Amino acid sequence: MKYFVTLALSSVLALSAIQQPVQAGELKTCRNIADYLTGGTARYSLSYSQIPGQIAITTHEFVVSGNQYKLSSTSKATGFLAMLYSGTLNQKSEGVIEPGIGLVPIYYSEQRGKKPLQETVIDTEHKQVVFKKNGEKAALESRLQDRLSMIYEMVALLRCKGKVDQGDVMKMRVMTTGALDTEPFTFKKSENLELNLGKESKTVKTYLFELAPQEADDDTVRLWFAPELNWTAAQIQVEDHKGAQLTQTLVGLQ
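Numbering (our numbering), first residue to last: 21 to 274.
Everything labelled a hint here was simulated from the structure, so no lab data went into it. Some clues are possibly wrong.
List of simulated lysine-lysine pairs, DSS-like, C-alpha gap at most 30 Å [stated by the list, open to error]:
1) 135 <-> 157
2) 48 <-> 134
3) 181 <-> 157
4) 48 <-> 147
5) 262 <-> 153
6) 147 <-> 90
7) 219 <-> 191
8) 96 <-> 152
None of these values were measured; they are calculated from a predicted model.
Model the full structure from these sequences, guided by the hints.
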């Protein structure tokens, strides 16, 4: 499963749960999960292990209005890369919020620079997921997320539970712009991270969840959630099969 995408060199990811019997330790959903989906803005600094310093800034905006939501993510290159790459990576997720389920996307899109817009839409009449990039379709499934909504669904699940136990798993069924994937994130360990939030530098305790490679050349994805920041994802890391790492670190939260 490939997570690396290109804004200059790369950019952002995102995940949610699949409809199947709940396994031991699996965080599937909670009855009042909708209460834990609150809007806000988060900013991340992007770094790449092959290039020193910051390469981009990603801004997430999450707007909730009644039972509807809109999510957007914009990544812009900084520093030397900004002189080489004028484009941005834009992602959008729109849909509704359902009690007991959480986020229910009905539209997802990605656009990198001047490349064509890639869209995935839900055809509710025919109960299908339509991938406009390749014209393919898939049967609509319950609790389906997209690359952007998934991380907020995971945050809501953790807020609802309020703690992390050894063996906890968040299994996500995700629609990309061309296919459906199953992605189980497993709790690995607790870890302290040093964050620079605006002018403030602080150490926060986080809980690391990891998506292990399913194929030899798949990426490893790691997510650090911080309970003292209302379970916000404090850090997101994608490591390819050669060991190169793309890391997003939280630098602002509103």
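Outcome of the hint check:
Proposed proximity of residue 135 and residue 157 is supported: the alpha carbons are some 22 Å apart, at most 30 Å. Straight-line distance between C-alpha atoms of residue 48 and residue 134 comes to about 38 Å, which puts the hinted pair past the 30 Å bound. For the given pair, residue 181 sits about 35 Å from residue 157 by alpha-carbon distance, which is inconsistent with the 30 Å threshold. Only pairs whose Cα atoms come within 30 Å are accepted, and residue 48 paired with residue 147 is accepted, the gap being roughly 22 Å.
Restraint check for residue 262 and residue 153: satisfied, since their Cα atoms lie roughly 28 Å apart, inside the 30 Å limit. Distance check on the hinted pair: residue 147 and residue 90 sit about 22 Å apart at the alpha-carbon level, within 30 Å; holds. Of the pairs offered as hints, the one joining residue 219 and residue 191 is violated, with about 36 Å between alpha carbons and a cut-off of 30 Å exceeded. At most 30 Å may separate the alpha-carbon atoms for a hinted pair to count; residue 96 and residue 152 meet this at roughly 25 Å.
The structure is inconsistent with the numbered hints 2, 3, 7, although it conforms to all the rest.
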